[in-house]
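K.L.:
For reference, the chains in residue letters:
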Amino acid sequence: MLRRTLLASAAVALTLGSAAVAQDDPLTAGFIYIGPPGDGGWTYEHDQARQKMEAHFEGKVKTVAQENVPESADAEGAITRMALSGADIIFTTSFGYMDPTIAVAEKFPDVKFEHATGYKRADNVSTYSARFYEGRAIQGHIAGKMTKTNKIGYIASVPIPEVVRGINSAYLHAKKVNPDVEFSIIWLYTWFDPAKEADAARALIENGADVVLQHTDSTAPQAAAQEAGNVITFGQASDMADYAPMPRVSSIIDNWAPYYIERVQAVMDGTWESKDTWDGISTGMVGIGEITDAVPEDVKAEALAMKEAIASGEYHPFTGPINKADGTAWLAEGEVASDGDLAGMLFYVEGINAEVPQ
Amino acid sequence: MDFGSINPALLVASIMISATPILLAAIGEMVVEKSGVLNLGVEGMMITGAVVGFAVGVSFTSPALGFVAAAAGGAALSLVFAVLTQVLLSNQVATGLGLTLAGLGLSSLIGKPYEGIKSPTLPKLDIPVLSDLPVLGRMLFSHDAMVYLSLLLVAGVWAFLKYTRAGLILRAVGESHGSAHALGYKVVRIRVAAILFGGACAGLGGAYLSLVRVPQWTEGMTAGAGWIALAIVVFASWRAGRVALGAYLFGGITVLQLNLQAAGASVPVALLSASPYLITIIVLVIISARGAHGAPASLGRSFHASS
Chain A
1 MLRRTLLASA
11 AVALTLGSAA
21 VAQDDPLTAG
31 FIYIGPPGDG
41 GWTYEHDQAR
51 QKMEAHFEGK
61 VKTVAQENVP
71 ESADAEGAIT
81 RMALSGADII
91 FTTSFGYMDP
101 TIAVAEKFPD
111 VKFEHATGYK
121 RADNVSTYSA
131 RFYEGRAIQG
141 HIAGKMTKTN
151 KIGYIASVPI
161 PEVVRGINSA
171 YLHAKKVNPD
181 VEFSIIWLYT
191 WFDPAKEADA
201 ARALIENGAD
211 VVLQHTDSTA
221 PQAAAQEAGN
231 VITFGQASDM
241 ADYAPMPRVS
251 SIIDNWAPYY
261 IERVQAVMDG
271 TWESKDTWDG
281 ISTGMVGIGE
291 ITDAVPEDVK
301 AEALAMKEAI
311 ASGEYHPFTG
321 PINKADGTAW
331 LAEGEVASDG
341 DLAGMLFYVE
351 GINAEVPQ
Chain B
359 MDFGSINPAL
369 LVASIMISAT
379 PILLAAIGEM
389 VVEKSGVLNL
399 GVEGMMITGA
409 VVGFAVGVSF
419 TSPALGFVAA
429 AAGGAALSLV
439 FAVLTQVLLS
449 NQVATGLGLT
459 LAGLGLSSLI
469 GKPYEGIKSP
479 TLPKLDIPVL
489 SDLPVLGRML
499 FSHDAMVYLS
509 LLLVAGVWAF
519 LKYTRAGLIL
529 RAVGESHGSA
539 HALGYKVVRI
549 RVAAILFGGA
559 CAGLGGAYLS
569 LVRVPQWTEG
579 MTAGAGWIAL
589 AIVVFASWRA
599 GRVALGAYLF
609 GGITVLQLNL
619 QAAGASVPVA
629 LLSASPYLIT
639 IIVLVIISAR
649 GAHGAPASLG
659 RSFHASS
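Order-wise, the sequence lines are chains A and B.
As numbered in this note's numbering, residues 1 to 358 make up the first sequence, in order.
As numbered in this note's numbering, residues 359 to 665 make up the second sequence, in order.
For reference, chain B alone in the conformation it holds in the complex:
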């Protein structure tokens, strides 16, 4: 065993890359759930973002354009969900699951011509001065723009929900859509906007996989990342800061266990491999035991102005 071969700076850098896709998807889903809508289609929206982002990124040799297209693609798919659940009042759980299946199918259809192609990837930003710092520079300040953007997004969502009037209204809609409606807020419109935001974030997360982390298009490449994002929202008890913590914890354990294996740690491998899931379960149990779930009261309930 030679733990000396694990370089902490590189490890932290890997963790940030590994966590970014689920962080993006989870922060979007948190906003959706805060508005009282449960969208289980994150996986489908992510993979749609991954393929659309890849296709556009390759076609225009511009990863930045790819990310924009991925956000639009994710949002477009989530619009289907929004119309079905908010206008036609379909069941949110079933529609969300359907969205995942539709997204997976659609993405493999779109992705066929893009298999085996290499994508242009985002350049690593070398932030002047900061990235030259010993250890810390490599660890924190030599990433691509999306890593920082995802963290800014978390801070933005936190500030929006906590300090703005619009954020307060969004939360009110999620807690009690009847009261919000009685006060004159457009419940459906607000929820549709939240769903579109969630779709766009999931799309970005997917594109981060196909344009940066892997980086190539392969069918089924999200491999369950969307489901982990959903779990992280619960894990975080619907708080932005904890979503970031959860994503980094999950990404961190995944990368750490791979590094431990590479360094030859004599820990049972199956246990290492399962550790991200085990820790998620343990934290969920602790949170539940405390009784403070923090779930929006109207989560998953359909709203119609007549009721």
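Isolated chain A (complex conformation):
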């Protein structure tokens, strides 16, 4: 018993001691991933950004990453272990880590936490996300112009505002250029399950969709579309250029590296403070992958013009008049959606014949 207490206090002393001399040690940045870095999508981009950040600091920053952490009670354990192992800043990169991140942050006031795509903050918890809906507006435009069957399939992951916002943005811009367009939405309740994603893409295609949009992390839908022939897809989170020029005709790319570099630098400088970051095309946090020649020249030009307009702030993808699916008015003519409205969006816009799963 006594021996154990001695050991424990020695351990505490060691930890405190090492914290005190931490200035000379490399800073440790931890990453919690929802999938494997080899998913070719969401986690892949976070991992690329982690490597770029590590390279940028040339040995002054050490990174640790844990893959395949479920969005459950396990997440809290994983984040706690990372904090205990001496990480100075921890990036938790999926929406479902929100509550676990807050809970662990309370126990480790000296560790900085950065939660991707959440809305709960604390003194030592920042949130960051990208305005993917800006990219989805461009995809929606291309999709609406290119569909011949007027049926667009959408593979949705988990019913949270982020995903619903993407569906609405794509739908509004497809509808704008093609009033006959219809959306079929399949919810998978997972971010990453290649077999299920492939099955979902096949189900959509068999039901007549000739454009498949996805909000899941693997490239399996691209493979299914390729097999089917005349179906186009878009890269999600990552360029997925292996499938260009067909079926993948463009993509939304997450570019987290500048943000990671900035935040880790802030920790080094001692200027880190809790804040909410939500950047889009204008800062490059959201990138649009090359629009391939499979897209007609004029459609490509329109898409690029929209990208410019969004980047300069001249155009907002959610500009009224827009009604909700139940017919109630949401945005008046010319009115632009507030960030608060967008952040909590759990309704479809008028024209989508479905209900958001609760």
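These are calculated hints, taken from the structure and not from any lab test.
What you are looking at is a predicted structure, and each value in this text was computed from that prediction instead of being measured.
Label-pair distances were calculated between CB atoms; the ranges are: (1) A:N353 <-> B:L483: 37 to 45 Å; (2) A:L84 <-> B:L483: 55 to 63 Å; (3) B:I485 <-> A:G320: 52 to 60 Å.
Where chain B lies over chain A, by a calculated footprint (3+ residues, C-beta under 8 Å): (4) 32 to 40; (5) 215 to 223.
To list a few chain A residues with every Cβ distance to chain B over 12 Å, as calculated: (6) D25; (7) P179; (8) A309; (9) Y315; (10) D339.
Beta carbons are placed, not taken as given, at the ideal position from N, Cα and C, and that holds for glycine.
Fit chain B to the given chain A structure using the hints.
P.N.:
Just chain B now, with coordinates in the frame of chain A:
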């Protein structure tokens, strides 16, 4: 809602593709369990098969060779389990779980260079005459060879266990290893053979995912299919025909719910999504209530000739 847009022929064809990986893994595991061994490492063996099959299939641009390699890879991994549990008498449950973890880790290591590569896939066999039949042709007779092979395998396993002497011995070993040993049968050897067969089948199932159903290599791509295969063996009360039924039911509900969603059915989506699991639970409850489990009596028990 427009159910008219669901094409039954395409739906059945999708179900057959969706069910094949779990069918292959489950039929192998059933043989393993029939011999009295519980191998919970199916997921690990499947993903090993998926990566080995993919790597070989891509390197030699031959999916057929990929399947052969996948079977060998799955069997090789299961050999580790066989040595640990049959020779060194380790706990089967713990070793099986360990095998899953080892398989997942090993596969991501092997798979690193193969990410983002497209694989050659199996051609759809167009069976003369049959595949030209209206509706049925598209539904049943225009698949790749592995779909038919998996069904032949089920029939073969059924016939083997029911009609052959070797099948009878395998079942005897699973029911009472002591008696089988007393009669002079080599319990350990028979079990090792069954484990290798199970590993090979799981490997084939994994390769079907990476070479046909998805088809590409992605880390963690089995996403729990091995666990479903394990559940299906119980669901089937250790009978070959019911294993096929269970796999098609599970695959069927998965694909059907995706199709219903695509067609815009106004059924709660969460319920649709959970339906394969709910139905599995309901059937398990019904089977248990009837009292006829059909589990081999020595399942999960270690055997040593001295005891």
